[in-house]
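Asker: Given chain A's structure and the hints, the job is docking chain B with the ligands onto it.
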Amino acid sequence: MPMQPECDVAVIGGGLVGVAIACGLRLAGVNTVLLDEGDAAIRASRGNFGLVWVQGKGDLLAPYTPWAREAGRVWPELARWLKEFTGLDVGLEQPGGVFLCMTEDDLAARAAQMARVAEQSAEPYEYEMVDSRRLRELVPQVGPKVAGASYSAYDGQANPIRLFRALHRAFVQLGGRYAPNAGVTAIERRSSAYRLKTADGEWTANRIVLASGLGNVGLGEQLGISIPVKPMRGQIMVTERLPQLFPLVMEQIRQTDDGTLLIGTSWEDVGFDLSTSYGTTRRIARNALDFVPMLRSVSVVRSWAALRILTPDASPIYDEIAPGAFLVTCHSGVSLAGNHVFATARWIADGRIPQNMRAFSRARFEPNHQERVA
Amino acid sequence: MIETVDAVIIGAGPAGAAAAASLRELGIASVLLDERPEAGGNIYRGALGGAFARSMSLGKDYASGAAWLREAISSGLDVRPSSAVSRIDADVVSYDSGGTIRRLRTRHLVLATGAIERAMPLPGWTLPGVMGVGAAQLLMKQSGLVPDGRYVLCGNGPLLLLLAKQLIDLGALPAAIVETGRRTPIRTAFSHGPALLEHRASVAKGLGFLAAIRQAGIPVYRDARSIRVEGDARVRAIRFTSAGQAHELAVDLVLCHEGIVPNIQLSLTLGCAHDWDDAQASFRPRVDAWGETSRPGTFAIGDCAGILGAAAAPHSGRLAALAIASALDRLRPAQRDQLASLERRHLLSERRFRHFLDDAYRPALSAQSPIADEVVVCRCERIAANEVRAAVRDGARGPAQAKVFTRCGMGPCQGRVCGPAVTRIIAEETGQSREEIGNYHPRFPLKPMVLAELATAPDEEADHADAA
Ligand SMILES: Cc1cc2nc3c(=O)[nH]c(=O)nc-3n(C[C@H](O)[C@H](O)[C@H](O)COP(=O)(O)OP(=O)(O)OC[C@H]3O[C@@H](n4cnc5c(N)ncnc54)[C@H](O)[C@@H]3O)c2cc1C
Ligand SMILES: Cc1cc2nc3c(=O)[nH]c(=O)nc-3n(C[C@H](O)[C@H](O)[C@H](O)COP(=O)(O)OP(=O)(O)OC[C@H]3O[C@@H](n4cnc5c(N)ncnc54)[C@H](O)[C@@H]3O)c2cc1C
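Chains as they are written, first to last, in my numbering: chain A, 834 to 1207; chain B, 2 to 469.
Here chain A stands alone, though its shape is the one from the complex:
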């Protein structure tokens, strides 16, 4: 029997990346289904820090710098649209941000990194390295032990869980079909369509989008393609609500629009272990008090761990890895959300990859890629 595709595109994975693409596809009028796992799934989108961050991006892959800047520029449009369309305010603020450096060595390393990024950038790249005194003019609450910071006006923050919800709501309101409890277990390519086996029945689609975060590794195997992402744990603590404190966003401590502080974070290569740990909790608390000593008697109400989805160069992958099978993954799904809804979804809708997304192919990780390019 010939296969009747039930939908044009099946987006696999209902985290921030998948739901952003799915929304964008619906905006482009594409018949889209969003297949997702259940409530207990591993989801970076439920445990991230919520920065809309630009500075320093592209250190290891130059084209990421303009892509990240573009993301910062389109974010206000995304926030406005979500507010109008879903009624949810995703709390975007872009007052500029500082990356704090505790020691002079940290500060020197950061200065070198920022200089590299600026130098690679085709358009002017504005940032400032600030010493301890200047830093405290920018953020008076920072403690005297902190050596300095990098500052850029490009950075900001949003409420990541409200963003996550707003995108889900928008997708449903746009007539998209969301299928939870439908983790994909097998992918088969049949003539010109894909057949997907899921925990909740089968789906067929003309095209598929692999947007499953760490789950992409297993999906890639189904297509015989290795996808170079691995988990990198980050632990975060959240405090009680406080009155709004800081004039700028700090990469290490930020205040949400609900008033709570998020304090982060760690980089731990521990596989799929999602537990928090005593030692890291202690270290994060110590650092936080060095950064902002006035927080001594603020209560921590909860802590959690989430898994970053990391490529070797910490930059996204956008690639058509098989005919009609698109791979989308990144470590900064909040920061890049606007790009994903607008530009990335359009690429999948019409199949033409725009110039500024071409550097993000999977092939860049293949051993002899550099030589071939040369």
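Calculated from the structure, these hints are not laboratory results.
Glycine included, C-beta positions come from ideal geometry on N, C-alpha and C.
Keep in mind that a hint or two might mislead.
So the derived label-pair ranges between C-beta atoms look like this [what the hints assert, rightly or not]:
1. B:Arg394 x A:Asp1091: 15 to 25 Å
2. A:Gly1092 x B:Asp170: 40 to 50 Å
3. B:Asp338 x A:Phe1105: 37 to 47 Å
4. A:Glu1199 x B:Asp330: 49 to 59 Å
5. A:Gly920 x B:Gly50: 50 to 60 Å
6. A:Phe1105 x B:Arg108: 23 to 33 Å
Answerer: Just chain B with the ligands, lined up with the frame of chain A:
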């Protein structure tokens, strides 16, 4: 070096105290932690130094239980009160003691954290002047406080009747009892005949409560529905219908109760498997015949493993102690099994009686009829039932997604109060079973803790995991 002990028991109520005492008899040293300033748990609250520690005013069960507990505690156990467990990492238990973190390493962890009152999310339940029957009773046991002014008892369950009787004896009569659910004791009783015969003393006690309420002339409104607590800054009145008639009673205080549920925060955080218990309308950790959970070496005893009551608690504590002693080679398996059979007989008998109580006192209001849209379910974040329903429309199929969509359960109590209500709303909206939906995963620290305390936590071993 982290202090190392053979067993750590969390919760010094009858279950935990019995486990510790039993371990001690078997030659095993354990540490008994409790977050309260005094051992005793919920039932024997104030047993060591409370208002009624050595009086008969709360009945002879309280008096003799209190005496048993005092004896167990004074027999040389290592009891550490004011020690709230804040986190557990593999075999290390961290607890807060007067603003300082202390740690213990152990191979055997016994959860004896008891029960908490089931939340009763009815319109107006967050107004000042509404409190739990259990909470009111604890105030009474601890500080001798009894309600002054006009108050009603609202809900159902043995604890509600017990408190009514205790307050009548102390001369603080309730204005009325607004009872939820239909009472069908005769028919229910018939199907539990043998258990009731076996527990005639308890039955007599219960009938005594009912008689006392009748004799005191307290109006009882049966099968109350559409209950609302009215008031602006605080409680002014309670409204409800009963037997087809609408009522409004002017009151200053409403004491609510629809039974108790296992306090499973710790077992959830540890990732132990849990099952939905339909008869008790609550989740409980899955345990084997010794009380061991799905996390090897971790036991759950007493009411935190499923409500069985104070009389059963010591028996499950002793069973866990026997299993631990055997695991430590201090007891031969044959001896262990022989000692266990006696405890099991008691437990079985208590379980039979509990089946009757579960049948007779279904949480009618908080488990059966839907929660009204505008009623706040999550008190910490002030999230109403309709917001949870909206989260389901946005695609949430369980508490984790509903939590990030709404902030429900993100406050300081971490969903201890709203967990059952949220699971239930999702079940009603999606048609999934409670089991499929599951519960929140509370996170460390289990109780809020200031940054300075976390930052100065002892570092017996430097952290290695995040050297990068
Ligand atoms: C600690 C931490 C802090 C962070 N801070 C920031 C920040 O400040 N700013 C920022 O921009 N980014 C931040 N990030 C990164 C950001 O959270 C991620 O980039 C983003 O959430 C990734 O979204 P995703 O959809 O790719 O993955 P996920 O959120 O992990 O979602 C993957 C989805 O795919 C589903 N899935 C998996 N396998 C299958 C399958 N076989 N079939 C169907 N569905 C499947 C899963 O159930 C899940 O829903 C942070 C991440 C972490 C861990
Ligand atoms: C409010 C209330 C009042 C009750 N009153 C009565 C009554 O009058 N009569 C009756 O028959 N039954 C009563 N019950 C039921 C009775 O509590 C139980 O049947 C019995 O006490 C169960 O004993 P247990 O040892 O399992 O737990 P509990 O006696 O409840 O003891 C649990 C102990 O664990 C401690 N704990 C919990 N979490 C932590 C933590 N993280 N760290 C450290 N310590 C912790 C608590 O402080 C508590 O002391 C009441 C229950 C409640 C909830």
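Asker: Work down the list of hints and note, for each, if the structure agrees.
Answerer: How the hints compare with the structure:
1. B:Arg394 x A:Asp1091: 15 to 25 Å: holds, 22 Å
2. A:Gly1092 x B:Asp170: 40 to 50 Å: holds, 47 Å
3. B:Asp338 x A:Phe1105: 37 to 47 Å: With Cβ atoms ~39 Å apart, the hint holds.
4. A:Glu1199 x B:Asp330: 49 to 59 Å: Given about 57 Å between the Cβ atoms, the range holds.
5. A:Gly920 x B:Gly50: 50 to 60 Å: Cβ of glycine 920 (chain A) to Cβ of glycine 50 (chain B): about 55 Å, so the range 50 to 60 Å holds.
6. A:Phe1105 x B:Arg108: 23 to 33 Å: Holds - the Cβ-Cβ distance for phenylalanine 1105 (chain A) and arginine 108 (chain B), about 25 Å, lies within 23 to 33 Å.
Going through the hint list in order, the structure satisfies each hint without exception.
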